[in-house]
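> Chains as they are written, first to last, in my numbering: chain S, -3 to 108; chain H, 488 to 602.
One should not assume that every hint holds.
[Stated by the list, open to error] Here are the simulated distance ranges between beta carbons: (1) H:Q543 - S:R104: 40 to 48 Å; (2) S:D(-3) - H:F551: 17 to 25 Å; (3) H:D513 - S:I56: 17 to 25 Å; (4) S:D(-3) - H:T514: 40 to 48 Å; (5) S:R5 - H:N517: 36 to 44 Å; (6) H:S515 - S:K53: 18 to 26 Å; (7) H:Q556 - S:S61: 39 to 47 Å; (8) S:T79 - H:E504: 36 to 44 Å; (9) S:S76 - H:A558: 43 to 51 Å; (10) S:K14 - H:Q543: 45 to 53 Å; (11) H:S494 - S:P57: 27 to 35 Å; (12) S:R104 - H:S561: 27 to 35 Å.
[Claimed, not checked] Derived coverage of chain H by chain S (criterion: at least 3 residues anywhere in the stretch with Cβ under 8 Å from a Cβ of chain S; other residues may be distant): (13) 525 to 539; (14) 576 to 582; (15) 592 to 601.
[Unchecked claim] With a cut-off of at most 30 Å between alpha-carbon atoms, the simulated DSBU-like pairs for lysine-lysine come out as follows: (16) S:K(-1) - H:K557; (17) S:K(-1) - H:K565; (18) H:K594 - S:K(-1).
No lab work stands behind these hints, which were simulated from the structure alone. Using N, Cα and C, we set each Cβ at its ideal position, and we do this for glycine too.
Each chain, letter by letter, is given below.
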Amino acid sequence: DVKVTQSSRYLVKRTGEKVFLECVQDMDHENMFWYRQDPGLGLRLIYFSYDVKMKEKGDIPEGYSVSREKKERFSLILESASTNQTSMYLCAVSGPNTGELFFGEGSRLTVL
Amino acid sequence: AQTVTQSQPEMSVQEAETVTLSCTYDTSENNYYLFWYKQPPSRQMILVIRQEAYKQQNATENRFSVNFQKAAKSFSLKISDSQLGDTAMYFCAFEVSDRDDKIIFGKGTRLHILP
Chain S
-3 DVKVTQSSRY LVKRTGEKVF LECVQDMDHE NMFWYRQDPG LGLRLIYFSY DVKMKEKGDI
57 PEGYSVSREK KERFSLILES ASTNQTSMYL CAVSGPNTGE LFFGEGSRLT VL
Chain H
488 AQTVTQSQPE MSVQEAETVT LSCTYDTSEN NYYLFWYKQP PSRQMILVIR QEAYKQQNAT
548 ENRFSVNFQK AAKSFSLKIS DSQLGDTAMY FCAFEVSDRD DKIIFGKGTR LHILP
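In isolation and in its complexed conformation, chain S is listed as follows (with noise of 0.2 Å):
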């Protein structure tokens, strides 16, 4: 199975500042995903990427942007938090067997 390890597990932050949030897969899988997950709203995607310096927009992008410098590395960035931010951030990693994503253990974020 591959193994998708998120930087933080829980995080505070104040508004205005600047967030990254990092996931690191240890295979060589080309497909990357970060997700909001919220009470009642289920996960709604924010970006994702194909391969190294490529990114897609999900459904969710404003307030967001990401990087993809190396295939194992995928960071969300929050250039300026808001309160409305203030979520759990999962990143996924896709399988070879189609829909079959690896899940990080979460970031949870507030921001004050």
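Using the hints, position chain H against chain S.
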């Protein structure tokens, strides 16, 4: 646009009982995949079961099985002999075949297995 709807936000059942989680979806595509993912409390999301739309036979994984009704666009998950470890959020999800691994998730059903 594809949508996935889970009509049961929360459910509780006694241990050893059978429980069915509902999911409906909307798409104009003919070839697609459907999934159930499980997210235990404070643990990682994992894939429980997958169904290819072109297969008429319902998928089964041990105590987990699905009832796939393509015409009705329904994809329910049945958990037999439920165990305490089945307590989790369950997400129904959809992907169009041969696309970009972009998966659409429902809003989830929180399942409590009671001792």
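> State for each hint whether it applies.
Okay, the hints, checked on the actual structure:
{"no.": "1", "hint": "H:Q543 - S:R104: 40 to 48 Å", "in the structure": "holds, 42 Å"}
{"no.": "2", "hint": "S:D(-3) - H:F551: 17 to 25 Å", "in the structure": "holds, 18 Å"}
{"no.": "3", "hint": "H:D513 - S:I56: 17 to 25 Å", "in the structure": "holds, 20 Å"}
{"no.": "4", "hint": "S:D(-3) - H:T514: 40 to 48 Å", "in the structure": "violated, 29 Å"}
{"no.": "5", "hint": "S:R5 - H:N517: 36 to 44 Å", "in the structure": "holds, 41 Å"}
{"no.": "6", "hint": "H:S515 - S:K53: 18 to 26 Å", "in the structure": "holds, 22 Å"}
{"no.": "7", "hint": "H:Q556 - S:S61: 39 to 47 Å", "in the structure": "holds, 41 Å"}
{"no.": "8", "hint": "S:T79 - H:E504: 36 to 44 Å", "in the structure": "holds, 41 Å"}
{"no.": "9", "hint": "S:S76 - H:A558: 43 to 51 Å", "in the structure": "holds, 48 Å"}
{"no.": "10", "hint": "S:K14 - H:Q543: 45 to 53 Å", "in the structure": "holds, 52 Å"}
{"no.": "11", "hint": "H:S494 - S:P57: 27 to 35 Å", "in the structure": "holds, 28 Å"}
{"no.": "12", "hint": "S:R104 - H:S561: 27 to 35 Å", "in the structure": "holds, 33 Å"}
{"no.": "13", "hint": "525 to 539", "in the structure": "holds (count 6)"}
{"no.": "14", "hint": "576 to 582", "in the structure": "holds (count 3)"}
{"no.": "15", "hint": "592 to 601", "in the structure": "holds (count 4)"}
{"no.": "16", "hint": "S:K(-1) - H:K557", "in the structure": "violated, 34 Å"}
{"no.": "17", "hint": "S:K(-1) - H:K565", "in the structure": "holds, 28 Å"}
{"no.": "18", "hint": "H:K594 - S:K(-1)", "in the structure": "holds, 25 Å"}
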